[in-house]
Amino acid sequence: MSIIGTRVDGRLIHGQVANLWVTKLQISRIMVIDDEVADNKIEKSGLKLATPSGVRLSVLPVKKATNNILAGKYDSQRLLIIVKEPKYLVDLVNAGVSLDDVNVGTLARDNASKTVTHQISVTQDDIDDFKELNQKGVHLFAQLNPSVKAEDFMKLLQA
Amino acid sequence: MAKPLILISHGNLCIELKKSVELIMGPQEGIQTVDLQPGEGQTEFLQKFTAVTKDLADFVVFADLYGGTPCNVASKLLLSGSQFKLYAGMNMSMVIDYLNSNMLDNEPDPIKGGVQGICDVNKTIQALDDEDE
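Those protein sequences? They're chains A and B, same order as listed. Per the numbering used here, residue -18 is the first one in the first sequence, and the count goes up by one each step. Per the numbering used here, residue 305 is the first one in the second sequence, and the count goes up by one each step.
Just to be clear, a hint being listed does not mean it is correct.
Stated by the list, open to error - In silico SDA-like cross-links for lysine to any residue, where the CA-CA straight-line distance does not exceed 20 Å:
{"#": "1", "chain 1": "B", "residue 1": "Lys427", "chain 2": "A", "residue 2": "Ser26"}
{"#": "2", "chain 1": "B", "residue 1": "Lys416", "chain 2": "A", "residue 2": "Lys45"}
{"#": "3", "chain 1": "B", "residue 1": "Lys322", "chain 2": "A", "residue 2": "Val129"}
{"#": "4", "chain 1": "A", "residue 1": "Lys5", "chain 2": "B", "residue 2": "Glu333"}
{"#": "5", "chain 1": "B", "residue 1": "Lys322", "chain 2": "A", "residue 2": "Asn126"}
{"#": "6", "chain 1": "A", "residue 1": "Lys45", "chain 2": "A", "residue 2": "Asp20"}
Hints in this document: simulated from the structure, not taken from any laboratory.
Taking the hints into account, I'd like the entire structure generated from these sequences.
Structure follows, in structure tokens:
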């Protein structure tokens, strides 16, 4: 199993991800999946700087990421997938990538239609994407760090 | 079992450093702080330090500055036979590395943890290697 963790995080790689989750999950490669970021040199270099030493980084558009994963390119590695938007996870799952659990970390939307927690606000598109992931058997949870309890994200979304 | 961590500093650095670390790592009940405020000296600091550590059998101390009063007071306790580990020059990376080592059941190495967070970012940018997909 190469995908150890999957996280939705509007900040992509930051303190909590680089220092905490990467260590906790013993990640060997972070994969940021985002069509726009993958096409932006400065964003990519910034992500590289924020990646802890000893951890590898891929920043890929969703098509390439899907192909690489399905081709087994990372099968011997411990992968942490990070996306800013849940739509990319829907694309992955629909293309046949199996995701068991997704941690919804921080998500701050300018045009949010719903505030879920202090750290998470979502658009209607996000809500539809999360529902689709849930229907396809992906377990969605919200947990900022391992010292707090993981909460069922779909329950939070319905509350 | 992780040893309790005591952060000691001039002013509020230790209190705020704990809060800053908690932003990333979540609530840290295992971290306590002893602050030296303006007008306080070795005597007051020793009282505060003793009050925090008196019930602890074994603990680790990070001090803000080697040679400063908080570190000096702690050093004197070591010289008088107290048993604890004392490191000076604490920073956020040192604290986070300590917590992560405990989480992974590794022996913490606070010097390494502190130094690895110090970095010439301009040089690092220049040394960024090629694409890795």
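Taking the hints in turn, this is what the structure says about them:
no.: 1; hint: Lys427(B) <-> Ser26(A); result: holds (13 Å)
no.: 2; hint: Lys416(B) <-> Lys45(A); result: violated (38 Å)
no.: 3; hint: Lys322(B) <-> Val129(A); result: holds (17 Å)
no.: 4; hint: Lys5(A) <-> Glu333(B); result: holds (19 Å)
no.: 5; hint: Lys322(B) <-> Asn126(A); result: holds (16 Å)
no.: 6; hint: Lys45(A) <-> Asp20(A); result: holds (12 Å)
Of the hints listed earlier, the one the structure fails to meet is number 2.
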